[in-house]
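There are 2 protein chains.
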Amino acid sequence: MSDEFYLSLAINKAWDYQLLTYPNPAVGAVILDENGKILSICAHQKAGEAHAELNATKEALESKDSSLKSIFAAAKNPNELYNLIIQNHRNLLKNSTYYVTLEPCAHQGKTPPCASLILAMGAKRVVIGSRDYGEHAKGGAEFLTQNGVEVKLDVCKTRCDELLEPFLRWQSGNFTFFKIALTQNGVATGGVISNLASRTHTHRLRALAELMVVGGATVCTDRPTLDARLISGRAPDILIYSSKTEFDLQIPLFNIPNRKIEISNSIEPAFKKRFVMIEGGENFLRNLDSRVDWILIYRSNEFKSANNINLDMKVKILHRSIFGDGELLWCKRLDLGINA
Amino acid sequence: MSDEFYLSLAINKAWDYQLLTYPNPAVGAVILDENGKILSICAHQKAGEAHAELNATKEALESKDSSLKSIFAAAKNPNELYNLIIQNHRNLLKNSTYYVTLEPCAHQGKTPPCASLILAMGAKRVVIGSRDYGEHAKGGAEFLTQNGVEVKLDVCKTRCDELLEPFLRWQSGNFTFFKIALTQNGVATGGVISNLASRTHTHRLRALAELMVVGGATVCTDRPTLDARLISGRAPDILIYSSKTEFDLQIPLFNIPNRKIEISNSIEPAFKKRFVMIEGGENFLRNLDSRVDWILIYRSNEFKSANNINLDMKVKILHRSIFGDGELLWCKRLDLGINA
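As given, the protein sequences belong to chains S and C, one line each in that order. Oh and the first sequence: position 94 is 94 in the working numbering, straight run, nothing missing. Oh and the second sequence: position 92 is 92 in the working numbering, straight run, nothing missing.
Check before you lean on any hint, since a few could be wrong.
Note that identical chains are pooled: a pair holds if it fits in a single copy or bridges any two copies.
[To be verified] Computed list of lysine to aspartate or glutamate pairs in EDC-like fashion (alpha-carbon distance at most 16 Å, straight line):
#1 K316 <-> E302
#2 K272 <-> E327
#3 K76 <-> E142
#4 K314 <-> E327
#5 K37 <-> D3
#6 K64 <-> E150
#7 K46 <-> D293
#8 K152 <-> D3
#9 K64 <-> E262
#10 K76 <-> E302
#11 K69 <-> E34
#12 K46 <-> E150
#13 K314 <-> D325
#14 K69 <-> E142
#15 K314 <-> E302
#16 K314 <-> E246
#17 K244 <-> D154
#18 K314 <-> E282
#19 K124 <-> D312
#20 K273 <-> E49
Simulated from the structure, these hints should not be mistaken for laboratory data. Just so we're clear, the structure is a prediction, and the values are computed from it rather than from any experiment.
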């Protein structure tokens with residue numbers, strides 16, 4: 001099978017944690033042993049937890065020797081895991097191949113550099129999607145090459161760069177996505193369209209977003225809570241985008257402790273935040289025009305006898321995740337974005 | 001990686017040729033070598049051509065020894081390929097693992113039995129999705145077990161059974177699918193929604209369908225040709241479902257040589273055919289009610305400012321194929337079908 005095939009496995013895995021790694025990039029890694037057998041397909045899952053390479057290395061070693069599981073389980077943090085791996089790997093990954101969607105980091109962050117880890121494992125070859133241009137982390141490919149590891153760059157480059165878009169926009173100041181639930185025939189209204197799995201995913205995103213924007217009409221009509229109760233997560237701060245200045249304070253969203261709420265007839269304050277999530281319907285999406293980077297469409301498995309959201313817009317579908325009987329489409333507006 | 005992981009690769013490959021194998025089932029196969037490396041991911045592509053197992057065996061052997069390519073290229077048909085493989089495999093697939101979405105056939109059809117091929121290769125293990133209950137082909141798993149090959153059955157059974165649905169319905173008399181092109185927001189009207197890749201796929205299906213059904217209103221409004229010119233294929237016979245009995249014979253569809261056209265205010269004649277394709281819009285789909293097995297939705301990458309198709313219906317999304325900037329959703333009506 002081709003390098004593209006194996007890197008695609010890493011890309012798809014990384015998408016499972018897209019945005020959930022905030023403020024870190026979504027990264028996936030695949031390891032093949034010296035005979036070309038797949039040992040692990042892993043991703044970075046959450047900021048502060050292990051990088052994709054570390055996760056994949058752990059799983060690959062455990063698949064070679066399951067007795068390592070109890071040893072690695074003792075690690076209380078990624079740093080300890082890193083050290084336990086260095087002490088216990090017994091060259092089990094000698095001559096392995098690493099596939100990584102992003103160039104392995106070369107810097108000491110919360111964990112030691114992934115490039116050093118890969119070298120310590122005795123990897124023969126590293127296939128990389130996107131290059132890391134970050135001032136701190138860059139240099140992993142060069143480090144590996146200088147130490148005799150064969151490095152191939154820019155494989156599935158477009159897809160790996162797309163995976164990095166939110167991260168690059170967080171770094172440059174703001175990433176904003178619009179979340180909407182639609183039926184198969186484009187209906188956004190009339191009761192809950194999303195299923196429990198997709199609502200749980202929404203709550204995960206809410207718990208991470210710096211700010212959540214919602215329209216005044218939605219607040220009055222739906223009387224929402226807009227918290228992250230399904231994952232017992234932090235409720236996001238709210239910007240109510242509305243020309244109205246007074247709302248019924250009995251609406252649940254106003255009664256969440258430690259939540260900041262701003263009411264504004266301008267959406268500009270939102271774009272000063274790094275990670276912004278917008279939930280709304282047709283009018284909101286149309287009015288926001290070109291200010292949205294990505295649109296996340298939760299699509300149910302139903303056709304519903306009702307009117308669709310009615311607007312002109314072209315998207316690129318970057319990825320599709322399955323959520324129970326529905327799906328989540330990760331879409332990019334085609335007329336903007338960092339690569340447009 | 002799990003058996004489910006490898007069988008999923010075979011399932012996804014088989015979907016690439018779903019319906020195009022008519023009247024044969026869509027089948028996929030994956031082969032791992034003795035060390036667990038993936039050697040091939042193949043499918044049955046077309047009736048009369050090689051079965052999935054034969055295609056996968058050829059590709060696996062070629063990946064072990066590329067000089068076999070020129071030898072196998074000399075085969076003029078699947079039978080010759082089978083024999084060339086038997087003569088030249090040099091035990092390169094000794095102790096391999098086969099993953100097959102459908103139990104390998106045990107009968108001499110247009111090619112010798114796949115079960116015998118797998119045994120001849122020296123496979124150690126065969127992982128199977130659906131069982132073959134067909135009077136002629138069944139018995140492959142038993143044959144392999146009796147000859148010392150480890151066989152695992154019913155892996156990813158639901159997904160493999162779904163893959164077989166059209167085949168089982170062809171066998172029992174009729175499989176009917178409805179094809180519709182929709183925008184992201186459920187609009188079916190207003191010019192060409194599908195792209196070249198999806199239109200080519202439609203023409204492939206037309207060339208295979210025993211009968212194509214289209215509504216009288218569509219005939220008058222769109223003045224279509226309804227042939228398979230994009231693949232230089234046979235234009236299907238047509239049933240115009242209409243209370244009208246007279247049409248403008250200048251409409252291109254009436255001027256295709258060797259095409260039978262029936263005009264009827266009943267759709268019943270269609271369901272006497274084995275493989276029926278319906279192309280139409282909202283009203284047609286609503287009126288057909290529960291007579292459709294599958295709905296194929298070509299979804300474009302656009303939102304369009306227009307009304308949606310407006311009906312109630314619940315589907316199960318069985319698979320998604322990418323076609324250029326759009327996608328094809330393979331959907332099953334949830335309130336009927338062989339498994340419902």
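Within, between, both or neither, where K314 and E327 count as close if Cα-Cα is 16 Å or less: This pair counts as between: shortest inter-copy Cα distance 14 Å, intra-copy 19 Å.
Alpha-carbon proximity context of K76 and E142, limit 16 Å: neither (31 Å within a copy, 50 Å between copies)
My question is about K64 and E150: at a cut-off of 16 Å on alpha-carbon distance, are they close within one copy, between copies, both, or neither? neither (23 Å within a copy, 23 Å between copies)
My question is about K37 and D3: at a cut-off of 16 Å on alpha-carbon distance, are they close within one copy, between copies, both, or neither? This pair counts as both: shortest intra-copy Cα distance 13 Å, inter-copy 13 Å.
Indicate which option fits the pair K314, E246 if close means a Cα-Cα distance not exceeding 16 Å: within, between, both or neither. Answer is neither: 36 Å inside a copy and 40 Å across each miss the 16 Å cutoff.
Since the copies are identical, ignore which copy is meant and state whether K314 and D325 lie within 16 Å (CA to CA) inside a copy, between copies, both or neither. Between copies, since 10 Å is at most 16 Å while 25 Å is not.
Using 16 Å as the alpha carbon limit, work out where K273 and E49 are close: within a copy, between copies, both or neither. neither (24 Å within a copy, 58 Å between copies)
Checking K124 and D312: alpha-carbon separation at most 16 Å within a copy, between copies, both or neither? Close neither inside one copy (50 Å) nor across copies (56 Å); limit 16 Å.
Cα distance capped at 16 Å. Does K69 pair with E142 within a copy, between copies, both, or neither? Classified as neither: same-chain Cα gap 32 Å, cross-chain 38 Å, threshold 16 Å.
Copy assignment of K76 with E302, given that the CA separation must stay at most 16 Å: The answer is neither: 45 Å in one copy and 47 Å across copies each exceed 16 Å.
Pop the pair K314 and E302 into one bin, within, between, both or neither, using alpha-carbon distances up to 16 Å. This pair counts as between: shortest inter-copy Cα distance 4 Å, intra-copy 23 Å.
Between copies, within a copy, both or neither: which fits K46 and D293 at Cα up to 16 Å? Intra 22 Å, inter 42 Å, cutoff 16 Å: neither.
This entry does not satisfy hints 2, 3, 6, 7, 9, 10, 11, 12, 14, 16, 17, 19 and 20, going by the numbered hints stated previously.
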